[in-house]
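Student: Listed here are the chains, written in short residue letters.
Protein chains: 2
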Amino acid sequence: ATALETECINSIRFLAVDAINKSNSGHPGAPMGQAPIGYLLFAEEMNYNPEDSKWVNRDRFVLSSGHGCMLQYSLLHLAGYKSVSIDDIKQFRQWGSKTPGHPENFETDGIEVTTGPLGMGISNAVGLAAAEAHLAAVYNKPGMPLIDHYCYTIAGDGCMQEGITHESASLAGHLGLGKLIAFYDDNGITIDGHTDLSFTEDVGMRFEAYGWQVLTVLDGNSDVAGLRDAIKQAKACTDKPTLIKVKTIIGFGSPNKADTHDIHGAALGKDEADATRGQLGWKYGEFEVPQQAYDVFRGHAAKGASKQAEWEKMWAEYQQKEPELAAQFKRACMDRKLPDGWADSLPKLTPEDKGKATRLHSHDCINALASALPEFMGGSADLAPSNMTLMKCTGNFLKGSYAERNFRFGIREFGMAAMCNAMSLDKTGIIPYCATFTIFSDYMRSAIRMAALSQAGTIFVTTHDSIAVGEDGPTHQPIETIPSLRMIPDLTVMRPADGNETAGAYKYAVLRSKNESRPTFMAFTRQALPNLTNSTVENTMKGAYAVIECADPELILVATGSEVHVCVNALKEGLAGKKVRVVSMPSWEVFREQPASYKSGLLPKSVPTLSVEAAVTWGWDEWAHGHVGMNVFGASAPGQTCLDNFGFTAANVASCAQRLLAGERGVLSDGSQAKH
Amino acid sequence: ATALETECINSIRFLAVDAINKSNSGHPGAPMGQAPIGYLLFAEEMNYNPEDSKWVNRDRFVLSSGHGCMLQYSLLHLAGYKSVSIDDIKQFRQWGSKTPGHPENFETDGIEVTTGPLGMGISNAVGLAAAEAHLAAVYNKPGMPLIDHYCYTIAGDGCMQEGITHESASLAGHLGLGKLIAFYDDNGITIDGHTDLSFTEDVGMRFEAYGWQVLTVLDGNSDVAGLRDAIKQAKACTDKPTLIKVKTIIGFGSPNKADTHDIHGAALGKDEADATRGQLGWKYGEFEVPQQAYDVFRGHAAKGASKQAEWEKMWAEYQQKEPELAAQFKRACMDRKLPDGWADSLPKLTPEDKGKATRLHSHDCINALASALPEFMGGSADLAPSNMTLMKCTGNFLKGSYAERNFRFGIREFGMAAMCNAMSLDKTGIIPYCATFTIFSDYMRSAIRMAALSQAGTIFVTTHDSIAVGEDGPTHQPIETIPSLRMIPDLTVMRPADGNETAGAYKYAVLRSKNESRPTFMAFTRQALPNLTNSTVENTMKGAYAVIECADPELILVATGSEVHVCVNALKEGLAGKKVRVVSMPSWEVFREQPASYKSGLLPKSVPTLSVEAAVTWGWDEWAHGHVGMNVFGASAPGQTCLDNFGFTAANVASCAQRLLAGERGVLSDGSQAKH
Ligand SMILES: [Ca+2]
Ligand SMILES: [Ca+2]
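Residue numbers (our numbering), protein chains in the order written: chain G, 452 to 1127; chain W, 452 to 1127.
Among the clues, some could well be false.
Stated by the list, open to error - With a Cα cut of at most 25 angstroms, we get these calculated PhoX-like pairs of lysine-lysine: (1) W/K505 with W/K764; (2) W/K1126 with G/K533; (3) W/K764 with W/K592; (4) G/K541 with W/K764; (5) W/K805 with W/K843; (6) W/K843 with G/K1056; (7) W/K541 with G/K1126; (8) W/K1023 with G/K1126; (9) G/K788 with G/K805; (10) W/K533 with W/K754; (11) G/K592 with G/K533; (12) G/K788 with G/K878.
Stated by the list, open to error - From the derived model, a few chain W residues whose C-beta atoms are all more than 10 angstroms from chain G: (13) D539; (14) R544; (15) T845; (16) R863; (17) K878; (18) T984.
Stated by the list, open to error - Covered stretches of chain G (in silico footprint by chain W; criterion: 3 or more residues with CB under 8 angstroms from a CB of chain W, positions within the stretch not fixed): (19) 504-516; (20) 615-624; (21) 750-758.
It should be emphasised that the hints constitute simulated quantities derived from the structure, not laboratory data.
No residue lacks a Cβ here, since even glycine has one placed at the ideal position from N, Cα and C.
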């Protein structure tokens, strides 16, 4: 490395050292080791504009080893992002600061995705690269490459060990995403100590098995030319993603702590910081950055601004030459607005229409949206024929057909979800959906949480939503799954009861994805359900409404999904003569947002209310006084047999309702009767 | 294959075809393709005794592609297990049958582990092989190999795609588990269609990168000799696990559906079953098995019984020659009983003892147990220094040191949990524990569920259990995690408040693991907590008890973990003069099991009760009328700042208690005040 390069690199290192010392909390080892990679990306390679962090054709960067966030904050600061001033860096990890303990896209301008949970970031990067490939295939025209950028990520040993990375890396290789360049910070250290304690696989060979190009840089601490050359080779390989294995020393420069796990997650302390200054010949004080380092980074950032200006010119030309596509690009990708009338083609049903499984209604909705919204894309984790998620109007998103929109994610739930989160966080207007069985949302639960936390507009489509799954048995029958997802803040859960509620759920989910960049989790049935009276898109979007109205009820039955019609039937079977309202509540979260008057009108606290849902009863106290639920594991048998034996019958609902009217409260039926 | 071999193999195939046709539900494709592997294992290779399915040195078999369970039921039936009669097979997938839709160890004798969720079974197999390696290293003596068996598993494309398999296979290669033999049913078909849609990686190369021996059998449909030879080679390689890639045709023998995804998950129907009989030359009727096929399987099973008889002789000799080890083996592994006084060394503390983090108390407990219980083993997913899970009296379980008990799982939560489940389900008395941050239990949630469902005695040790994690921020701060785990049936969740509660939690967890083979999930703090009055092991094992007693309370504060002492402090800060009881409730599940009189005495419904827990408030209605909780995501800041700002202060608890006394109900503090 030249002296100036070294000065730039050490500027990164010492901002990290000093910020972590000041907060006495953080992870200095990774930024000190990865600083040369960070330098090359932010001072040479990447096209970005700190003045407009949302420029649609910017290169994307994801720090998959998110604990090393001081690398990213240092780089954003050096490059001139206003979001990270030197004062912000001094507030590292403090309440309300712009420099939280892991990179958070919703806190800090310039951060693309929130990282920290290991393996998630590199999987996000695969999703960003997939978004790039798709948009390029759809919009680029000869001489006018509207979308033509790279996606870079840095991952550590943890990311490489996590299963999610296997899933997304295998798929990235399969898809041949040539614009994806991943650095593997191969420093031989994890929290437990040297990697030979737990991790001796040949990572490079594994990625070659996935179909990646694999390159190695033996001295990532100072061989800037070697890193530069590797990036060049990565860019030259256009039909495969590239993994650049970079041998680094964790905490490089620290005389007493480098190459040990002690430097992974604790501040160096003043003495060791001084010693490190000595070893690296760093003459500058705490939080002091030499002007020539700023000049290098900001000079490069200025080139990024020029690139954006050139891009704007091209975009003006594009609008002239390709007015139709340009209009679509502007609406869908830049303004990120839904087109007029987009929801008009969602199916509308009446009680006279033959009932069918809500997964089939979901299929109808997906296909209606697929035609109306070119930005609607996604697929299933190898359950397309079961989840009913295939779009008929488009083909498979595969190497050579990136313009198509059906993803074939393979049996890779967690990777799939992280990819979809990133396709939303790409901020190019994509409305991503991904699908699996409801029960296997457990495999991707952490990514669902991250969608909620980091404001990704992923639509999680799940089917086979209860014990009515039937013969596959308790390993495949959700009990606690849906209620446990309701606990995740800022996630909306939807369990529709029929065709119109399914359409309403999709209308809600698409609005929430496109306009708010927030996720929705949907759960659909395997089995057929009748279409209900009063069910409409509008009612669904209130979260709850009366399916059977009753002006002055003495009893209210409230249910979701497949249990709503059971409640309707219960009126005829044992509650005759009673004044009963039946409420369908497809979404707790949406109902909570309604005006207080609507809520208390629909579910007055003074009227005995019985909840009915084939799931654990936790939380229903918010809405009801007695509960029919499922607090035990299910069983393998035909779905209707399961429903009957576990108590989801009109007769049992009526009987529990009578007990409620007689004064009983709490869980009145929990499924355990079937096990006796 | 010889004619007799073919007849045995086709017996398997047609039992599967017929059972699935009769139930009109199930997955015939896999058993039809895997039948030759099943034949070789159950008619030639495996040592097992249908009369004593729990023989400690039996070979283990795991059907990782659990949907193909008719393979396993056919084999158990052919081999003579009484658990699967021909009538049981005719009841495939029916209510109460011994032949549920996925293999369930708790339903069917002869099934080692429950499978179905893909990738979990092969990861279980790694755990079983690790258990074998450990017990062999500890107990085998020259000429007396007490534990000396293989672990076989069959996995499909789904298992190979799932991330969990990456985690466990990478670790198996690292550990060099030579007794593990995995068949990869490489049939080129998944539910979505041909694997080239989503899965084109070189699986063999990947496993070589993990350090496995990889063999290939090109015609798995009929080349029995080739399969036999591969198993021989697998056994010859003693320092690496072996993957045998077997090219098969899904639904082999079906003229119109073989090699298509149509045969994966649907009955053939009568016509196609007849056509398959024609193509394979099968003269027998539905559910008819030729006597000569029974003779082959049962002849081999009889050899297994003889092997067990020989083993019993060796065991008698062993008891004579190695009386001490034999006594330990008998107690720990065969009788699976805890030794007298095992819990005596658990730490006991008084309020005068300096408070510390419960993760440090947990460390003390782990080390007390490690010395008392040679069958106690486990470790962390690379967070040993944070989770505080290292046992000082033993070394690392690694290649060459299998007798040691500290597992170095690497950053592989899901694989870790599945391995530990299997170490319990090995039924050799091992008490496995595994550790990560509380938040990352999401990564292994499906395995935690499987522990609960399939009755595995895994102890899940988690630390950093709330927003008090602090600086790492919301990606690392559990909010909904602990409450959502309480929803899993048959899982006990423990959140201790101090040292004695931690000891009580471990006593409970070990008893539950060893005596009931049931799992416990524990959540410990990062931060120091004071030791409480009245906290004892005995009180903890009641699930809840009064930390501050009050004979006739007008207010009860009930809390868990780090919020208990906040409630105690609240008495002094704003509730002076009130008659207040403070209840610590380390476990909802345990408290629920107490006598009704104890429960209503401690928490009388008539006394206004306020719950305080730094987690979502769902479910607390079961115990309290008002709630102080955390229904929003956390923030990056020092832990105490987070607790203060989100409302977990004595002052806020006192203030909410006053509101409760004034008649308010429900969520009185939800953390959202900090975000305004
Ligand atoms: Ca590392
Ligand atoms: Ca397959």
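Student: So, for every hint listed, does it hold in this structure?
Tutor: Here is what the structure says about each hint:
no.: 1; hint: W/K505 with W/K764; in the structure: 17 angstroms, holds
no.: 2; hint: W/K1126 with G/K533; in the structure: 23 angstroms, holds
no.: 3; hint: W/K764 with W/K592; in the structure: 15 angstroms, holds
no.: 4; hint: G/K541 with W/K764; in the structure: 72 angstroms, violated
no.: 5; hint: W/K805 with W/K843; in the structure: 23 angstroms, holds
no.: 6; hint: W/K843 with G/K1056; in the structure: 57 angstroms, violated
no.: 7; hint: W/K541 with G/K1126; in the structure: 22 angstroms, holds
no.: 8; hint: W/K1023 with G/K1126; in the structure: 48 angstroms, violated
no.: 9; hint: G/K788 with G/K805; in the structure: 35 angstroms, violated
no.: 10; hint: W/K533 with W/K754; in the structure: 17 angstroms, holds
no.: 11; hint: G/K592 with G/K533; in the structure: 34 angstroms, violated
no.: 12; hint: G/K788 with G/K878; in the structure: 12 angstroms, holds
no.: 13; hint: D539; in the structure: 13 angstroms, holds
no.: 14; hint: R544; in the structure: 4 angstroms, violated
no.: 15; hint: T845; in the structure: 15 angstroms, holds
no.: 16; hint: R863; in the structure: 5 angstroms, violated
no.: 17; hint: K878; in the structure: 20 angstroms, holds
no.: 18; hint: T984; in the structure: 31 angstroms, holds
no.: 19; hint: 504-516; in the structure: violated (count 0)
no.: 20; hint: 615-624; in the structure: holds (count 7)
no.: 21; hint: 750-758; in the structure: violated (count 0)
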